[in-house]
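There are 2 protein chains.
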Amino acid sequence: MTPFKLSEELLDQINSDIVAQNNKALQTLVKEYHYADLAEIFEALQIDQAVYLFKLIGSEKSADMLPELDEDVRESILDALSSEEIATEIEELDTDDAVDIIAELPDEVRKEVINQISDTEHADDIRELLTYDENSAGGLMAKELVCVNQNWTVTRCVREMRIQAQEVTHVHSIYVVDNKNVLLGRLSLKDLLTANEKSKIKSVYIPKVDYVTIDEEGEEVAKIMSKYDLEAIPVVNEQKQLVGRITIDDIVDLIKDEAEKDYQLAAGISSDVEADDSIFQHIKARLPWLILGLVGGLGSVFILEGFEGFMNHPSHKALFFFTPLIAAMAGNVGVQSSAIIVQGLANDVVKGSLFNRLIKEVGLGLINGGSLALLVILFGVATQQPTDVSLTIALSMLCVIIVSALIGTFVPIVLNRRGIDPAIATGPFITTSNDIFGIFLFFYIAKWFLA
Amino acid sequence: MTPFKLSEELLDQINSDIVAQNNKALQTLVKEYHYADLAEIFEALQIDQAVYLFKLIGSEKSADMLPELDEDVRESILDALSSEEIATEIEELDTDDAVDIIAELPDEVRKEVINQISDTEHADDIRELLTYDENSAGGLMAKELVCVNQNWTVTRCVREMRIQAQEVTHVHSIYVVDNKNVLLGRLSLKDLLTANEKSKIKSVYIPKVDYVTIDEEGEEVAKIMSKYDLEAIPVVNEQKQLVGRITIDDIVDLIKDEAEKDYQLAAGISSDVEADDSIFQHIKARLPWLILGLVGGLGSVFILEGFEGFMNHPSHKALFFFTPLIAAMAGNVGVQSSAIIVQGLANDVVKGSLFNRLIKEVGLGLINGGSLALLVILFGVATQQPTDVSLTIALSMLCVIIVSALIGTFVPIVLNRRGIDPAIATGPFITTSNDIFGIFLFFYIAKWFLA
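Protein sequences, first through last, are from chains R and U.
Under our numbering, the first sequence has 180 at position 180, and the numbering climbs by one with no breaks.
Under our numbering, the second sequence has 86 at position 86, and the numbering climbs by one with no breaks.
Source of the hints: derived by calculation from the structure; they are not laboratory data.
Any given hint could be a false lead.
Claimed, not checked - FRET-style restraints, in silico, Cβ to Cβ:
no., chain 1, residue 1, chain 2, residue 2, range
1, R, E91, U, D72, 52 to 60 angstroms
2, U, K5, R, D388, 47 to 55 angstroms
3, R, K198, U, E134, 43 to 51 angstroms
4, R, E121, U, L366, 25 to 33 angstroms
All residues carry an ideal CB built from backbone N, CA and C; glycine is no exception.
All chains should be built: construct the whole structure from the sequences, respecting the hints.
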């Protein structure tokens, strides 16, 4: 199979079918597509047409599509539905997806929708899930899971599971609890398939099970699940009672979002923005960083003005030709060092003391900076630069690279210790401050060396 | 649970137990830890000690740890084992992990190891998997899966599955094939649990199943699985015969690696390197990009030398103070635009023509650049800069930002169309070339404007 690609022809056909109100044709056509593909179609339609089609396709399919839609498209569609219609959609969804969508609704609509859900257990589950922080295990989990009592026999277990399984999309592990719903362990499908039918669950279950508590941070859950290759993890409360389950598909999205967020911050893009978002969203995400860069850059203008005297010397004025190079190298090295630390912190591989890490960066800076300094000297010889100017530039290059590497290492580690996302240190913030530091250091060394 | 953190005390204890050859104590201690945690312990040990401990812990646990180890640690440990010992480890692993490890062995050792595997079917499966490109579906898949014939009854199906399930770590979907092993559909655990025992599989299976062909690219498989929330996907050959299965845990690693690779390239780090790797590996990953930056930066030196004449004018010399600012803004904007495109291409959201996209960037550049140009003029007024110089800088800022955004958009799209990874365009490559373009444009506009 190849993933679906939305063609102009398909879109034109849907558009004209909507205009002509060919409802039968639309219903037949929609059946062919996976809900994730349908979401792409809906995002390409105009809102009125999207709402028309949405009401036509039946909640079994439209509900699954809702979590896949862009937030603004989803908002526009839900705006056009009554709270009763929204409740019908919500009933089709697992509690984790249901709660994500309900959380986006305005307060008054939210209550109305929940009250209209006919399955009161589902409604209660949603009310419970709404109380948790969306970035915690409680906010990520679903209430749907398959759970058996340790005192049941395999036969009873299979019978009860048949009932529970009708509510659960993917079974994954079967959790084993005692009479007080305290999590004891798990039963793999394999165990169940190979166990004697008369055995008690007590005698066949695996008493070891990984779990997270309800207030664990989402990022931490992602780390645990990906490190230990888990496809689902049970969530317990303070009494170790089983309250929910997180599945790997939600974690895949979280890992992807996390990595993309770090990457965007490194590129100087603050909020989550995609290529096809509006110009206004792009401005909001990008302009603040550019202004930060501008303000920082104006700082370097002042520094350079302070060293204007060098321009009066026939060979020293060359320093100004090399300034952008020094600034660029300071920025490049700072971004490298900080990216290594940010990724290391995310993957828990930054061990040892800050001091040892800085020493390592000095070593690295000596070798990288030394190599580049040598190239600068060779360039000076080739272009018949005066020796003192060449040496000044080479020496500054070495110092700037070491200092930039230290700043790039130090800043994210310190931010992280203070509970601030270190990824903000990898972008324009570090380039700009390293530019200024680099330029200042360059001219300061020159002043001292060429005096 | 909290993920394991390796403490100094634990490491000291293991070290002294190894020196004292307290084998019993070591074996007891090792049992407590998950294989993913053991891998961390092994990575912190010296090689001799790691090999000693490895031989002590029994292949059931040590085998699972092997795929989790850093490549160089794994290589050192396997170097110290005989081909027979390696074969014992390999027998414990699923075919997908087994083949990844065997592929790393030197040619002659590889053959010896495979010949020593006592389970000939396992050996044949590994030989088959070795023939596929490691970045294709064939290279990612495992041969272990649960598969039933459409002509079986539910009862027979459960019986056969009991046998197959003993070989398979996670069952996920049950695939349904015909007598020629052609993939027909799937049977979910739910279906199986709720079906009548005498029904034929033919009448209860779901005839729709997502699958990939054996030569599909790994990145494409990851996109399909994460888009359609699949936890496992069957792999078929050209005759649509079922040949293997890819599970989500391998895809999670791939998605993570992919996102991290893009991020590292954006930061000017070429090969996969982590905070705790050796200085030598860091130099290899970072120095080439710095040299690229240096060479580019030296280009800007030539450009600036060409405009030396401006230094002789009392107010025009200010242009040199503003050069690092202009270069930095060119770099920042280029990185923003290219990162948006690279992420958009990775997520398939870059639609529409290149021309439309460039037009959008011009619009964005006009607004962002216009705002920044205004700030530059205000700064000029505040610092009593001559008006012509202020206007030159503001106008150049606007032009440089538009041109940089265009370059940042154009380059990754063109690279992608030519089959080159567009992520290489987001790092020092784009900053350096935008620096040069920016500086040249700045002085060229100044020359024309101040003439």
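Results of checking the hints against the structure:
no.: 1; hint: E91(R) - D72(U): 52 to 60 angstroms; verdict: holds (54 angstroms)
no.: 2; hint: K5(U) - D388(R): 47 to 55 angstroms; verdict: holds (52 angstroms)
no.: 3; hint: K198(R) - E134(U): 43 to 51 angstroms; verdict: holds (47 angstroms)
no.: 4; hint: E121(R) - L366(U): 25 to 33 angstroms; verdict: violated (55 angstroms)
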